[in-house]
Amino acid sequence: MELLDNLALGFSTAFLVQNVLYCFVGVLLGTAVGVLPGIGPTATVAMLLPITFSFEPVTALIMLAGIYYGAQYGGSTTAILINLPGESSAAVTALDGHAMARQGRAGPALAAAAIGSFIAGTVATVVLAVAAPPLADIALKFGPAEYFSLVLLGLIVSIALARGSALKALAMIALGIMFGTVGQDIYTGTPRFVFDQRELYGGIDFVSVAVGMFGVAEILRNLENEHTRTATVGKVKNLWPTAEDRRRIVGPILRGTGLGAALGVLPGGGHVLASFTSYAVEKRISKRKQEFGRGAIEGVAGPESANNAAAQTSFIPLLTLGLPAHPVMALMIGAFIVHGITPGPNVITDEPALFWGLIASMWIGNVLLVLLNLPLIGMWVRMLRIPYAVLFPMIILFAAIGTYSLSFNAFDVYAIAFFGLLGYILIKCGCEPAPLLLGFVLGPLLEENLRRALIISRGDATVFLTRPISASLLVVAVVALVIAVLPAISKRREEVFTEDDA
Amino acid sequence: MRTTSRRRAATLAAIGVLSLIAACSDGGGGGASGGDAGSAYPDQNITFIVPFSAGGPTDTVTRMLADPMAKQLKGKIVVQNVEGAGGTVGAGEVARAEPDGYTVLMHHIGMSTAPALYADLGYKPLEDFEMVGLVTEVPMTIVARKDFPPATMQELVSYVKDNAGKVTLANAGIGAASHLCGLLFQNAVGVKLQEVPYEGTGPALTDLVGGQVDFMCDQTTNTSGQITAGKVKAYAVTTPERVKSLPDLPTTAESGLSNLQVGVWHGLYVPKGTPPEVVQKLTEALKVALADQAVIDQMAKLGAAPVAADQATPEAHRAKLEEQLATWAKVIADAGVKAG
Chain P
1 MELLDNLALG FSTAFLVQNV LYCFVGVLLG TAVGVLPGIG PTATVAMLLP ITFSFEPVTA
61 LIMLAGIYYG AQYGGSTTAI LINLPGESSA AVTALDGHAM ARQGRAGPAL AAAAIGSFIA
121 GTVATVVLAV AAPPLADIAL KFGPAEYFSL VLLGLIVSIA LARGSALKAL AMIALGIMFG
181 TVGQDIYTGT PRFVFDQREL YGGIDFVSVA VGMFGVAEIL RNLENEHTRT ATVGKVKNLW
241 PTAEDRRRIV GPILRGTGLG AALGVLPGGG HVLASFTSYA VEKRISKRKQ EFGRGAIEGV
301 AGPESANNAA AQTSFIPLLT LGLPAHPVMA LMIGAFIVHG ITPGPNVITD EPALFWGLIA
361 SMWIGNVLLV LLNLPLIGMW VRMLRIPYAV LFPMIILFAA IGTYSLSFNA FDVYAIAFFG
421 LLGYILIKCG CEPAPLLLGF VLGPLLEENL RRALIISRGD ATVFLTRPIS ASLLVVAVVA
481 LVIAVLPAIS KRREEVFTED DA
Chain U
503 MRTTSRRRAA TLAAIGVLSL IAACSDGGGG GASGGDAGSA YPDQNITFIV PFSAGGPTDT
563 VTRMLADPMA KQLKGKIVVQ NVEGAGGTVG AGEVARAEPD GYTVLMHHIG MSTAPALYAD
623 LGYKPLEDFE MVGLVTEVPM TIVARKDFPP ATMQELVSYV KDNAGKVTLA NAGIGAASHL
683 CGLLFQNAVG VKLQEVPYEG TGPALTDLVG GQVDFMCDQT TNTSGQITAG KVKAYAVTTP
743 ERVKSLPDLP TTAESGLSNL QVGVWHGLYV PKGTPPEVVQ KLTEALKVAL ADQAVIDQMA
803 KLGAAPVAAD QATPEAHRAK LEEQLATWAK VIADAGVKAG
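Those protein sequences? They're chains P and U, same order as listed.
Quick note on my numbering: the first sequence kicks off at 1 and runs consecutively.
Quick note on my numbering: the second sequence kicks off at 503 and runs consecutively.
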């Protein structure tokens with residue numbers, strides 16, 4: 001019953017008035033920065049770090065963690081309403097979420113995202129409490145070779161499913177991978193495709209690509225003529241999911257939660273794969289494959305759950321090993337240090353109230369997020385009634401401000417315009433932006449880990465087959481490929497990343 | 503694209519909160535008014551440019567100092583992260599900024615390595631900036647995966663000489679402190695090892711703890727938690743004296759590698775042509791901030807300490823930069839490293 005004692009300690013800490021209050025402040029701020037396109041949690045956490053110096057350490061960490069998972073939560077709102085994803089995970093939500101919004105079903109889409117996130121958050125909190133240390137040990141077994149095989153599997157699962165226009169989808173993935181190579185090569189320092197622009201040394205920012213390809217391209221398409229305009233919706237069918245909707249989202253939420261919780265533990269980019277993989281799986285097993293990309297509620301519920309579960313379990317390497325999975329976690333390490341706690345494997349034993357209090361607060365934070373977001377759905381949906389002459393300039397304005405604030409770099413704003421135009425041209429050619437984004441996100445991970453694995457093995461490529469985890473992942477990848485190639489199955493043509501034809 | 507949210511920066515909301523913090527924290531706020539250029543300074547917000555990502559060690563040090571310096575200057579300081587190309591994007595921006603003291607650069611050891619690493623830098627560290635003063639120097643540690651055979655620094659040296667073709671040396675990317683320290687190590691020992699670059703310290707340390715790579719050299723900020731928990735093996739600290747947080751760890755000099763001395767030093771810069779009385783005000787504010795007990799305590803938690811008062815001056819800063827530029831020009835040229 002040690003677990004119950006620990007949880008009791010955690011909840012007694014997390015339920016202190018100031019901790020609940022700052023948990024609320026954290027998730028509220030997180031939701032706000034998540035909703036604004038292009039604006040993210042890293043800087044918010046960085047800027048709020050100094051005011052937490054005077055807090056109790058556990059209070060400070062509860063608030064900072066709240067900003068992080070609150071932002072994951074808020075990011076889906078803009079993706080669904082106006083097709084502006086601010087994170088790679090939200091790009092997946094935008095596919096079916098925005099299609100639902102265009103059909104007047106923004107309410108159910110937002111509700112599915114909120115409910116899925118809550119369930120995922122709750123389950124992931126339990127996973128954290130029960131199995132954090134053993135999971136962290138498994139995560140450490142993932143070296144460059146394993147990550148390469150994992151990312152390859154992720155890409156193949158997606159390609160294998162994108163059968164309807166496989167050639168175009170492949171071309172888009174390849175183009176995305178190429179955009180991903182822009183910038184300084186981390187192994188040799190060689191600048192690639194930077195055209196002597198120092199601003200491009202750090203690569204193209206994901207937000208510029210996503211905001212351009214999705215949001216701006218969508219606006220351009222809408223401006224063509226009155227008849228094809230779909231961004232604003234006059235009629236809202238219903239605010240809440242119907243009984244049918246509720247039945248349809250149960251499976252995706254549970255599967256997404258499982259996938260996300262597992263992938264989130266891997267510090268080397270597992271959380272990036274969570275929502276993409278969940279979408280591919282849902283589409284694969286759905287009986288209504290044709291609806292995917294055209295407003296399937298499963299395509300919102302699954303990836304959103306996966307994303308939120310991964311956001312939560314990505315705290316496992318941080319809390320049990322003191323190793324950050326991404327920039328926000330690196331900031332949290334800074335917060336530990338400033339509060340005189342040495343981040344590392346000793347935190348659980350040395351600071352049990354902090355460890356368990358933080359975990360308990362995540363569940364409280366998830367409850368607060370649902371209470372905060374469900375009543376807001378009605379308000380968000382009304383936003384779609386804003387006339388396009390007002391809405392479109394506002395979207396462009398917010399996208400430009402948000403993107404500029406990434407690093408005060410005008411280049412990122414030019415990039416939105418560039419990718420907006422490119423996205424429009426691609427839509428006209430019948431190509432979809434989603435596979436491009438997938439290539440853009442996963443390409444650099446694939447290259448980085450491939451080269452690192454080969455550097456460490458001194459060029460011996462068998463390393464991918466001699467390491468058991470890597471070999472198993474590659475076997476699964478081959479199976480996925482074979483299934484896709486089998487003619488009997490290929491008759492059921494399916495498209496993982498299809499959007500409405502332009 | 504490197505990582506999806508790597509270059510996340512200021513949000514409107516957060517800027518609002520930040521100004522709120524600034525407003526709350528400097529009770530005596532509000533700019534002084536009247537008088538000529540020098541004595542009126544500052545009568546508007548001062549921007550501190552950090553050429554690295556929010557939340558990194560340099561950013562943390564800057565935000566620590568911003569508050570007490572603003573109080574002393576009776577003005578407001580806004581911290582802005584202008585990242586890219588090993589800090590050269592932010593530095594270049596400050597080099598070209600109006601020399602009025604309202605744009606200030608916080609940069610680390612990278613200021614002295616950039617001319618050797620980058621062919622076409624667009625600015626000259628000694629000629630395009632005025633130095634305000636040195637800030638701190640963060641010690642580095644040599645650490646290895648916990649089942650790496652050598653037990654001491656001496657054993658490590660002979661082990662890497664005997665197994666030069668097998669050993670892997672991790673670092674956090676071209677031009678990172680861990681990369682520079684690794685170059686110095688190879689120089690000092692006289693071997694050429696297989697380097698394994700990572701995208702930042704976090705992933706490098708993760709693979710070290712996971713046993714995927716053999717050893718690396720990194721700042722105490724990042725390594726001391728893993729060292730005390732026994733998740734990595736530590737050999738030495740690269741400063742002349744032992745560090746307080748790791749009293750059992752010998753120095754490189756004690757271990758017989760006296761030519762392996764490196765620390766991540768930080769300094770404040772303003773564009774060339776900034777009025778001397780403005781630079782002087784900034785230097786004074788820096789000295790006061792570095793003597794602030796809260797700053798000392800926070801730096802101690804990072805395993806660092808403010809520099810001595812006589813180092814927080816333009817003269818000492820210039821001397822340090824000149825010496826470091828010469829050192830790194832040779833080390834980097836010998837290693838044949840180029841960043842573009």
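Honestly, the hints are just simulated from the structure, not real lab data.
A portion of the hints provided could be inaccurate.
Chain P residues, not near chain U, derived (Cβ > 10 Å throughout) [as the list claims (entries may be wrong)]:
#1 LEU140
#2 ILE186
#3 ARG198
#4 PRO317
#5 LEU323
#6 VAL367
#7 ILE456
Cross-link-like lysine-lysine pairs, in silico, DSSO-like; alpha carbons within 30 Å at most [to be verified]:
#8 LYS803(U) / LYS573(U)
#9 LYS789(U) / LYS573(U)
#10 LYS141(P) / LYS648(U)
#11 LYS789(U) / LYS141(P)
#12 LYS141(P) / LYS783(U)
#13 LYS626(U) / LYS783(U)
#14 LYS783(U) / LYS822(U)
#15 LYS141(P) / LYS694(U)
#16 LYS626(U) / LYS803(U)
#17 LYS746(U) / LYS668(U)
#18 LYS832(U) / LYS668(U)
#19 LYS663(U) / LYS803(U)
Built from N, CA and C at the ideal position, the CB exists for glycine as well.
How the hints compare with the structure:
Not every beta carbon of chain U lies more than 10 Å from that of LEU140(P), the smallest distance being close to 4 Å; the non-interface claim is violated. Against chain U, the non-interface label of ILE186(P) is violated: not every CB pair exceeds 10 Å, the least being about 5 Å. A cut-off of 10 Å between C-beta atoms contradicts the statement that ARG198(P) is not in contact with chain U; the least separation is 5 Å. Distance check for PRO317(P) against chain U: the nearest CB is about 7 Å away, which does not clear 10 Å, and the non-interface claim fails.
Once the 10 Å rule is applied to beta carbons, LEU323(P) is inconsistent with being away from chain U; the minimum gap is 5 Å. The beta carbon of VAL367(P) is kept farther than 10 Å from every beta carbon of chain U, the shortest such distance being approximately 23 Å. The beta carbon of ILE456(P) sits about 6 Å from the closest Cβ of chain U, which is not more than 10 Å, so the claim that it is off the interface is violated. Distance restraint check for LYS803(U) and LYS573(U): the Cα-Cα separation of roughly 23 Å lies within the 30 Å cut-off, and the hinted pair is therefore satisfied.
At roughly 13 Å between alpha-carbon atoms, LYS789(U) and LYS573(U) fall within 30 Å of each other, so this suggested pair holds. For the hint pairing LYS141(P) with LYS648(U), the CA-to-CA distance comes to about 14 Å; that is within 30 Å, so the pair holds. For the suggested pair LYS789(U) and LYS141(P), the alpha carbons sit about 47 Å apart, so the restraint of at most 30 Å is broken. A distance of roughly 53 Å separates the Cα atoms of LYS141(P) and LYS783(U); the hinted pair therefore is violated under the 30 Å criterion.
Note on LYS626(U) and LYS783(U): the hinted pairing holds, with a Cα-Cα distance of about 24 Å set against a maximum of 30 Å. Restraint check for LYS783(U) and LYS822(U): the C-alpha separation of about 21 Å stays at or below 30 Å, so the hint holds. Distance hint between LYS141(P) and LYS694(U) is fulfilled; the C-alpha atoms sit about 28 Å from each other, no more than 30 Å. With a C-alpha separation of about 34 Å, the suggested pair LYS626(U) and LYS803(U) falls outside the 30 Å cut-off, and the hint is violated.
At roughly 34 Å between alpha-carbon atoms, LYS746(U) and LYS668(U) are farther apart than 30 Å, so this suggested pair is violated. Distance hint between LYS832(U) and LYS668(U) is fulfilled; the C-alpha atoms sit about 27 Å from each other, no more than 30 Å. Simply put, LYS663(U) and LYS803(U) have alpha-carbon atoms about 35 Å apart, too far for the 30 Å limit, and the pair is violated.
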